[in-house]
Every structure is written in structure tokens, then in C-alpha cells.
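Protein chains: 2
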Amino acid sequence: MTSFAIVGHTARTDGAFSLNDLPSGGGRMDVLCRCVNASLFLSHTLRRDVECAIVLLGPPVPPRTVQFSGQKVRSLNPDERSPAALIKKALLLPCGSEFRESSEGVSVRKGGVERLVREHRFGVLDERGTDIRTADVVPDAFLLSDHLNFSADEETLLSACPKFSVGPAVLHADSAITVLLNELDRRGAGWK
Amino acid sequence: MTSFAIVGHTARTDGAFSLNDLPSGGGRMDVLCRCVNASLFLSHTLRRDVECAIVLLGPPVPPRTVQFSGQKVRSLNPDERSPAALIKKALLLPCGSEFRESSEGVSVRKGGVERLVREHRFGVLDERGTDIRTADVVPDAFLLSDHLNFSADEETLLSACPKFSVGPAVLHADSAITVLLNELDRRGAGWK
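The listed protein sequences derive, respectively, from chains A and B.
Okay, so the first sequence: first residue is 205 according to the working numbering, each after it adds one.
Okay, so the second sequence: first residue is 205 according to the working numbering, each after it adds one.
There may be inaccurate statements among the hints.
Stated by the list, open to error - Only pairs whose alpha carbons sit at most 35 Å apart, straight line, appear in this in silico DSBU-like list of lysine-lysine:
(1) B/K396 x A/K367
(2) B/K314 x B/K396
(3) B/K293 x A/K293
(4) B/K367 x B/K276
Hints were generated in silico from the structure; no laboratory data involved.
All values derive from a computational prediction rather than experimental measurement.
Please build the complete structure, drawing on both the sequences and the hints.
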């Protein structure tokens, strides 16, 4: 199982956003939607061995975590509105501290980065990190940030995580996920 | 200059589609929008040395080609609706066989793949092609297809193009563009 988690520092936590306005009204929910789809989609199928969690830290009730299971999710299409509709539905469901399923393969709970870091051995991206192509081992879990940098508190939580670089250019989170999955695909299939 | 071109076999050619319904009403315009953004966006900036052309072959007046210049484009955001709005504006502009600018850095003309193939030395993607990581030379122009395969006529036009593979998994066109750009970034910066 490969796991991605993406922190959405401004993403709304109540489902009160329009699918027609994900960037502004959704608090850059568009960034998270692209990350979900980059994590889960192959051409004409889904990556059944990948899960993707998004951590929503915007108003009014942060933190919330919405998790997509590649194995179980249904009715997910590759356009941004499709995961957004599932996120909206998840956020409209009352939840506690354990995951509660809002749609097939989509679950929501209270809580954020601190708990995720206890549950996974994340790698994180850093321009000065080890090049993923030359790394002896590439983790099967990565935590990424949205369009903003990790906060100081998040940096502290992540200080022990191994750091990797995907290349000389600084990419959007969804593009970084695509490059990471390409590296994992190649290693899994015995390609260079 | 790096060039990408993507064939949208069902994409509408008259701008009569809603930004709220790119997949269906737009004839999978969402696929092309993701390809434009995968071609042009870096984190917090644009790839000024990349251009991206989309070939629209849907009703009512195919073929049309809309070109985005990374050097010149303005008002482009990374959500799908943003390039879609610029495409819509381009398609509403009467045009002839030469590019006519519809917004800064966005131009439209009549014509499609046949002309593009005469103008560029494209590489194409093929599962049995040369692995881009081991290729001696990676082209600076690639032609990709949307969610459908190239037609028989397109295959004939492209028969002389060198063929490359980006990895063991079959990816969406926008993900393939991201992996290709990662390879070009690495080669350009002297990384492995």
C-alpha cells in the first residue's frame, strides 16, 4: 500500500463551498482535488493499492481529515469537481475521532497532521533532500503541503522524516505525487 | 523551447460549453485543461520555455488548434476552469489558417494534427517505446492523445515519429507530460 497525505492549510472544513469555486470559496480545495486524482488515477483505471488523505485546516472547524481509498472508492472521475463533490459530502457528515465512511471508499474524521504522523512513516519533499532516483529506499508514504509551506509546528512534527527531492524544479504537489508514483512504479516493475 | 501538443478527439470547437461541465458538455475539455496546466505550471511560476497546443476535433467546426505560450500567457491559474475560460474565449474568436491571439499568450487557428506534424519533430508515447530515462536524446516536442487512442489516420501521420515510454504504468496524458518534463528538467540541470 502506498499512502499520500496532503495538508490543505486554508481548505474549508464544512462543505459550504461551491463546486464552481474551489480555489477561492473552497480555500484552494482545487489543489487537494488534483492531489487526490494524481494519487489514484491511471489511464482507464484506479490505483487500487494507493490511499490518499487530505488534511483540511481552513474554517470553520479544523482539523478534518478526509481519506480516499483507491481500493474501495467508486464514482470518482478525473476532473477536479468529482473528488470535490465527494469531499463536500464527507464534510457534511457528522464525525468523531475515528474514520466514518461518507461514500464508498471515502471517510472523514476529526484530527490532522499530528495523528497522521503517528500512523505513517512519512517521507517529505525538500529541495535539498536525497534524489528519489538514487535513494536506496523510497518510502511508501509521503506527506506533502498544498500551495503554502509547512507551518513551523508542522515542521517540528516532521523533523525526523527522511527528506527527498524529485528533481531540480519545484513542482506543485500533484505533479510531485505523479513523479513519486513513477519512481515507485519503476522500482516495483524492476525498471531502472 | 519545449512543445507539447494534445489531441482532443471529442473536444468542442465553438466555445459553447459550460465551465461547470467540461467533461460532458465540453467533450472531455477537462483532459486538455489538465494537459495545458501540466505543461506550463511550476510551483508559484510558469514554465516560460514551454508552449502547449491543443487540437480540438469535436463538433461543430473541427479541426481547431489553440496554443498557449508559457512565455506570454497571463491570467492563467492552476485550476481546470482557468485554462477552460481561455480556450472558450479563443474558440469564440473568428480565425483563419494562421494563429490569431485571443488573450495574451493564447492563440487559435483552423487546422489540426497534419499541420502540427509538419511544424514539429514530435516524439510520441508508446508502451513499447524507448524508456525516456535511457534514451540518448529526448525530443523537445511531444504529441499526445487525450483519453482515446490516436485514430488510424493519426497513426499514419505519426508513423515516422520516435516512440518513448515513460514507465511501466499507463498514465493519463497530463501525468505523462509531468514525467516527461521531470526528465527534461533533470537533463537540463545535469541531474541523472
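Taking the hints in turn, this is what the structure says about them:
1. B/K396 x A/K367: Roughly 18 Å separates the two Cα atoms, so the pair holds.
2. B/K314 x B/K396: 41 Å, violated
3. B/K293 x A/K293: Holds, because 33 Å separates the two Cα atoms, which is no more than 35 Å.
4. B/K367 x B/K276: Within the cut-off at roughly 30 Å; holds.
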